[in-house]
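S.K.: Could you build all of it, start to finish, from the sequences and the hints given here?
Quick mapping for you: the protein sequence lines, in order, are chains A and B. The first sequence finishes on residue 133 if you use the UniProt record's numbering, and the numbering steps up by one all the way, no holes. The second sequence finishes on residue 547 if you use the UniProt record's numbering, and the numbering steps up by one all the way, no holes.
Derived by calculation from the structure, the hints in this document are not laboratory data. Beta carbons: idealized from backbone N, C-alpha and C, even for Gly. Treat the hints with care, since some could be wrong.
Said to hold, decoys possible - Below are the DSBU-like pairs computed for lysine-lysine, each with C-alpha atoms no more than 35 Å apart in a straight line:
{"no.": "1", "chain 1": "B", "residue 1": "LYS472", "chain 2": "B", "residue 2": "LYS397"}
{"no.": "2", "chain 1": "B", "residue 1": "LYS89", "chain 2": "A", "residue 2": "LYS105"}
{"no.": "3", "chain 1": "A", "residue 1": "LYS105", "chain 2": "B", "residue 2": "LYS24"}
{"no.": "4", "chain 1": "B", "residue 1": "LYS161", "chain 2": "B", "residue 2": "LYS472"}
{"no.": "5", "chain 1": "A", "residue 1": "LYS105", "chain 2": "B", "residue 2": "LYS71"}
{"no.": "6", "chain 1": "B", "residue 1": "LYS199", "chain 2": "B", "residue 2": "LYS161"}
{"no.": "7", "chain 1": "B", "residue 1": "LYS89", "chain 2": "B", "residue 2": "LYS24"}
{"no.": "8", "chain 1": "B", "residue 1": "LYS71", "chain 2": "B", "residue 2": "LYS89"}
{"no.": "9", "chain 1": "B", "residue 1": "LYS24", "chain 2": "B", "residue 2": "LYS71"}
Stated by the list, open to error - So these bits of chain B aren't anywhere near chain A, every CB distance computed over 12 Å:
{"no.": "10", "residue": "ILE87"}
{"no.": "11", "residue": "GLN93"}
{"no.": "12", "residue": "ARG129"}
{"no.": "13", "residue": "THR321"}
{"no.": "14", "residue": "GLN374"}
{"no.": "15", "residue": "GLU424"}
{"no.": "16", "residue": "VAL437"}
{"no.": "17", "residue": "TRP531"}
Each chain, letter by letter, is given below.
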Amino acid sequence: NSHQLSSLPLQILFYVNGIYYTFYFLATLAMIVYKSQVFSYPDDFLAPDLTLLFIMAILEVLRLHLGSKGNLTEEEVPLGLSLAITVGSVILSVYFLVWQTYVLKADVIINTVLLLTYGLESVLKVTAITAFV
Amino acid sequence: PPEIHSASRARVRSGPAPVTDVAKLCVCDLLVAQCDVNCCCDPDCNAADFSLFTTCSVPVVTGDSHLCSQKAATYSLDVEANPPERIFKLIDQVNPSVFCIHATNYEQALSFPSPEIPTSENFDQLLKRFGSAAFSAEPDSWDAITDAQNPSDANETYRYKYGVPVQTVDMFLRLPSPVVSSWCSDMNPAGFLVNQATKCTRSISVEKCGDVEAVSMLFYLNSSILTVPKSSQMVNVTVHSVTFQSLNGTRTLLNGSDVLRLPMVLDELCVNIVLGVSYHITYTDTGEIIEAAASFVLGAINKEALSIQQSFEISFTQVDTKPVPLSGNPGYVVGLPVRAGFRPQGYPFPVLAALFLNSNKYNQLTILQSASNQDCLAAQGARAPVLFGYNIISGCKLRITAAMKCQPLTQTLLDLLKGQNFPEYVASFGNSQAQDVLEWVPITHLYISEQITSNTFQSPCQIPVLLEIEVKWTKYGSLVNPQARIVNVTASITTTALRPLPSGRERIIPVTSSVVFTEVSSPAEPGYKAWPTINIKLPFDFFFPFV
Chain A
1 NSHQLSSLPL
11 QILFYVNGIY
21 YTFYFLATLA
31 MIVYKSQVFS
41 YPDDFLAPDL
51 TLLFIMAILE
61 VLRLHLGSKG
71 NLTEEEVPLG
81 LSLAITVGSV
91 ILSVYFLVWQ
101 TYVLKADVII
111 NTVLLLTYGL
121 ESVLKVTAIT
131 AFV
Chain B
1 PPEIHSASRA
11 RVRSGPAPVT
21 DVAKLCVCDL
31 LVAQCDVNCC
41 CDPDCNAADF
51 SLFTTCSVPV
61 VTGDSHLCSQ
71 KAATYSLDVE
81 ANPPERIFKL
91 IDQVNPSVFC
101 IHATNYEQAL
111 SFPSPEIPTS
121 ENFDQLLKRF
131 GSAAFSAEPD
141 SWDAITDAQN
151 PSDANETYRY
161 KYGVPVQTVD
171 MFLRLPSPVV
181 SSWCSDMNPA
191 GFLVNQATKC
201 TRSISVEKCG
211 DVEAVSMLFY
221 LNSSILTVPK
231 SSQMVNVTVH
241 SVTFQSLNGT
251 RTLLNGSDVL
261 RLPMVLDELC
271 VNIVLGVSYH
281 ITYTDTGEII
291 EAAASFVLGA
301 INKEALSIQQ
311 SFEISFTQVD
321 TKPVPLSGNP
331 GYVVGLPVRA
341 GFRPQGYPFP
351 VLAALFLNSN
361 KYNQLTILQS
371 ASNQDCLAAQ
381 GARAPVLFGY
391 NIISGCKLRI
401 TAAMKCQPLT
411 QTLLDLLKGQ
421 NFPEYVASFG
431 NSQAQDVLEW
441 VPITHLYISE
451 QITSNTFQSP
461 CQIPVLLEIE
471 VKWTKYGSLV
481 NPQARIVNVT
491 ASITTTALRP
501 LPSGRERIIP
511 VTSSVVFTEV
521 SSPAEPGYKA
531 WPTINIKLPF
541 DFFFPFV
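M.R.: Here's what the structure looks like:
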């Protein structure tokens with residue numbers, strides 16, 4: 001009867017988040033390509049959108065790795081870092097929800113789902129940290 | 001302070017703001033302050049106008065349909081009501097697609113940008129971006145024309161072809177001609193084998209006697225013609241003859257024709273100015289020019305003259321042939337004279353005997369020409385050429401008295417109908433040369449006499465009264481470009497009996513001649529290529545064990 005502190009729901013959520021984010025990244029990239037063909041999308045506006053999308057991908061990989069490691073090794077430092085990076089990811093997601101050049105209805109849907117996921121993750125992370133400490 | 005004023009003036013002005021309220025947009029409202037027919041969104045129309053409409057030409061006005069939700073103004077006519085009235089509704093149109101635009105952060109996303117109004121500050125920059133020349137009419141595009149016509153291929157030998165401009169050392173052989181107005185333009189090139197004659201006006205006065213170079217002989221003689229395009233061999237233009245035209249119009253041919261006469265002032269007249277040039281170019285049948293000669297007409301002008309009329313002509317002759325006007329190349333052209341000739345007496349008939357083309361001055365088949373007084377004997381000798389494709393009938397009336405004898409009368413009538421030197425052969429093609437005997441069709445003669453049973457045993461005098469020439473022609477050659485070729489010419493003379501007249505009486509008989517062209521073409525047969533065959537050859541020992 002081992003005393004397990006690692007949060008199982010959090011781990012499941014990390015796993016699901018990874019799959020969902022892959023889908024999100026490909027979908028957003030495809031929609032940016034679609035927008036550039038159908039609408040007038042000058043390079044000055046296209047470059048920031050694409051750059052932020054790639055930064056978000058990098059942050060997401062880092063965030064999920066640190067969070068998963070922290071949860072499994074029951075250490076609060078990586079988990080805390082992951083929580084901090086989550087703040088950045090949330091800001092980026094809000095950018096894609098509100099401040100993108102063209103916000104399509106599909107963008108709204110996938111970003112909302114992503115934000116909900118982040119919110120749920122954050123709650124579970126805080127719970128896990130308090131359990132580890 | 002003046003800096004602030006200039007800064008505010010330097011603001012870029014733009015046009016009026018675009019209208020984006022769909023309720024106020026109306027594309028069919030074209031007439032100002034008037035109601036447009038069937039335009040339901042026109043604010044100038046009242047209810048009475050709407051009751052007369054049949055449909056709404058603009059049923060809905062929306063913004064960009066990509067937006068997820070947008071306002072739309074719909075206009076429709078309620079025809080059930082009496083009188084019909086217009087219904088205007090402002091509704092929210094929803095785009096069901098998942099890729100509709102929810103929001104944009106780019107203000108020019110869905111509308112055209114307003115153009116910049118030019119001001120004194122941005123004019124140069126706008127001109128550099130948007131301004132460009134529309135036409136470029138440079139005369140040094142002549143070189144482009146020569147390059148386009150002769151594709152650059154160093155191994156190909158060039159020859160002149162029909163219509164190609166005759167080239168000189170630096171340009172083309174020029175034949176000044178009027179362009180648009182009657183003033184001479186010196187940029188008209190002479191085309192190879194294109195016989196041209198032009199007349200144009202040149203401005204000149206006694207004061208500018210030596211200055212205008214287009215009235216001096218040197219202008220027309222100084223360019224050497226290239227024998228073939230793009231070659232280095234040249235032919236000089238020689239002076240063939242010089243004719244002097246005096247102020248009152250009389251022309252005299254000058255003897256010493258190799259002297260170059262330049263314009264000069266003499267007794268207040270400007271003499272030796274060129275009034276006409278006639279070029280004669282001799283070419284070979286391989287497309288080379290071997291000789292060029294020019295005949296000049298020189299004249300003089302007095303102090304009052306401000307312009308002269310110049311006439312120019314160019315003609316091409318093949319070497320070793322006498323220039324004969326062709327009636328077609330090779331098939332006859334409708335309207336050109338039928339060429340004819342006869343074989344000289346005593347000439348044997350080998351294949352290479354040349355025909356002597358001298359039936360009349362122009363080697364044509366001729367027919368009697370009707371005169372206005374219709375008297376055969378009065379207008380003797382007037383003949384009209386037979387033009388290919390034109391059926392002609394002509395005639396005259398002959399007054400016969402009792403004193404006229406039969407034989408001289410018959411001879412006179414034959415001369416009248418056939419003319420002097422009635423030809424024996426007719427050219428089958430419009431360009432048949434005299435050397436090609438096989439291309440000439442002999443004229444077949446028929447004599448038809450009207451038999452009149454007479455009670456007396458006197459043999460009646462038969463006088464020819466009708467000459468009918470029937471020319472049978474066929475279409476020859478390819479289906480898309482058939483050439484007319486004469487295959488048969490039959491001249492039938494119908495004679496009638498002339499009963500002796502009691503003395504003192506006279507009779508008027510009509511004498512007629514006609515030419516009829518009949519087409520005897522056989523129906524065209526399209527020629528097809530041979531069917532492709534399958535060419536299979538089995539190897540020699542294919543059936544080895546059995547064969």
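S.K.: All hints, please: hold or fail.
M.R.: Do the hints match the structure? See the list:
{"no.": "1", "hint": "LYS472/B with LYS397/B", "result": "holds, 29 Å"}
{"no.": "2", "hint": "LYS89/B with LYS105/A", "result": "holds, 26 Å"}
{"no.": "3", "hint": "LYS105/A with LYS24/B", "result": "holds, 28 Å"}
{"no.": "4", "hint": "LYS161/B with LYS472/B", "result": "holds, 33 Å"}
{"no.": "5", "hint": "LYS105/A with LYS71/B", "result": "holds, 18 Å"}
{"no.": "6", "hint": "LYS199/B with LYS161/B", "result": "holds, 25 Å"}
{"no.": "7", "hint": "LYS89/B with LYS24/B", "result": "holds, 13 Å"}
{"no.": "8", "hint": "LYS71/B with LYS89/B", "result": "holds, 10 Å"}
{"no.": "9", "hint": "LYS24/B with LYS71/B", "result": "holds, 12 Å"}
{"no.": "10", "hint": "ILE87", "result": "holds, 31 Å"}
{"no.": "11", "hint": "GLN93", "result": "holds, 15 Å"}
{"no.": "12", "hint": "ARG129", "result": "holds, 17 Å"}
{"no.": "13", "hint": "THR321", "result": "holds, 72 Å"}
{"no.": "14", "hint": "GLN374", "result": "holds, 88 Å"}
{"no.": "15", "hint": "GLU424", "result": "holds, 84 Å"}
{"no.": "16", "hint": "VAL437", "result": "holds, 78 Å"}
{"no.": "17", "hint": "TRP531", "result": "holds, 52 Å"}
Hint compliance for this structure: no hint is broken.
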